[in-house]
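Heads up: the sequence shown begins at 1 in the UniProt record's numbering, then just goes up one per residue.
A portion of the hints provided could be inaccurate.
Straight-line alpha carbon distances no greater than 20 Å define the calculated EDC-like cross-link-like pairs of lysine to aspartate or glutamate that follow [as the list claims (entries may be wrong)]:
(1) LYS229 <-> ASP199
(2) LYS229 <-> ASP134
(3) LYS229 <-> GLU198
(4) LYS229 <-> ASP195
(5) LYS229 <-> GLU172
(6) LYS229 <-> GLU241
(7) LYS229 <-> GLU207
Taking CB as the label site, the calculated pair distances span [said to hold, decoys possible]:
(8) ALA175 <-> TRP80: 21 to 27 Å
(9) ASP73 <-> ALA131: 54 to 60 Å
(10) SER164 <-> ALA225: 33 to 39 Å
(11) ALA240 <-> ARG65: 39 to 45 Å
(12) ALA240 <-> PRO98: 39 to 45 Å
(13) ASP134 <-> ALA240: 19 to 25 Å
(14) ARG75 <-> ALA240: 22 to 28 Å
(15) ALA91 <-> GLY60: 26 to 32 Å
Bear in mind the hints are in silico, worked out from the structure with no lab data behind them.
All residues carry an ideal CB built from backbone N, CA and C; glycine is no exception.
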Amino acid sequence: MSLLALQSDFREWLTTGSDDVAARFEPEAQAGLLVYQNNYRASLMACLEESFPQTLAWIGNQPFRSVAATLIDARPPDSWSLDHYAAHLPAALSACFPDDPEVAELAVLEQALTDAFVGPDAAALASGQLASIDWDIAMLRLVPTARLLTVFTNAAAIWSALSSDREPPSPETLAVPAILLVWRAGHTSCFRVLDAVEDQLVRDMLEGIAFADVCTRLVEAFGEADGIKTAGTWLARWAAEGLLDRFHLAQSMSPHPKLPMDSRGNGAPSNS
1 MSLLALQSDF REWLTTGSDD VAARFEPEAQ AGLLVYQNNY RASLMACLEE
51 SFPQTLAWIG NQPFRSVAAT LIDARPPDSW SLDHYAAHLP AALSACFPDD
101 PEVAELAVLE QALTDAFVGP DAAALASGQL ASIDWDIAML RLVPTARLLT
151 VFTNAAAIWS ALSSDREPPS PETLAVPAIL LVWRAGHTSC FRVLDAVEDQ
201 LVRDMLEGIA FADVCTRLVE AFGEADGIKT AGTWLARWAA EGLLDRFHLA
251 QSMSPHPKLP MDSRGNGAPS NS
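Using the sequences provided together with the hints, build the complete structure.
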């Protein structure tokens, strides 16, 4: 038997436990096959439990391990990293808990937080750098770990309670779907709920948007006075949260109001 054939048979044995495959090995090797398979399955189970601690806490050990075992039987790893294997569990939970949609959404949120944690690094704009930016030509873009999730249940509130060792709320379907922004700030994965106006701005900032256009959108949404104030307040918040990746200078921009920042951080900084 060639090395390639041996490796192929060994992988097939690990993932299927087939007696026919086991028979291809020498008798003295067959006795140890179960040890390897147990280690293989235990490693995958541990990966899933460690990746979804709040989902595990929500549904309990036995139901979680039952779904995980079904996934392990049905889908062997297809990547060199176990981080990627965990991404298959939310769909498995959705199939096994069709009447409890918060279960899969809780897992989706946990996976998004994990993805943010291992995502690409980027230098976030610090709050202290706001005053040095030329806001007439600035472009806003979010850090590369930022992503949006749409949830239809209160899974976010359940996660927050469980992660803080508080009594979680009862599951419920939201009257209006919630938009969650997930990202990594420093070494911490974060998320929060967005309102409709900020949701649209964040979608634009994922691709890059001129600060002038941000101001225009907010003035249209809230009126001139409140829109200008909101632009400064949100800009300061985005910087404090480590959300802003970089500012791109543009050669030409549409005219927009100058937004001076007062001592409390209201309004956007100007160069004057």
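*Hints violated by the structure (numbers, ascending)*: 5, 7, 8, 14 and 15
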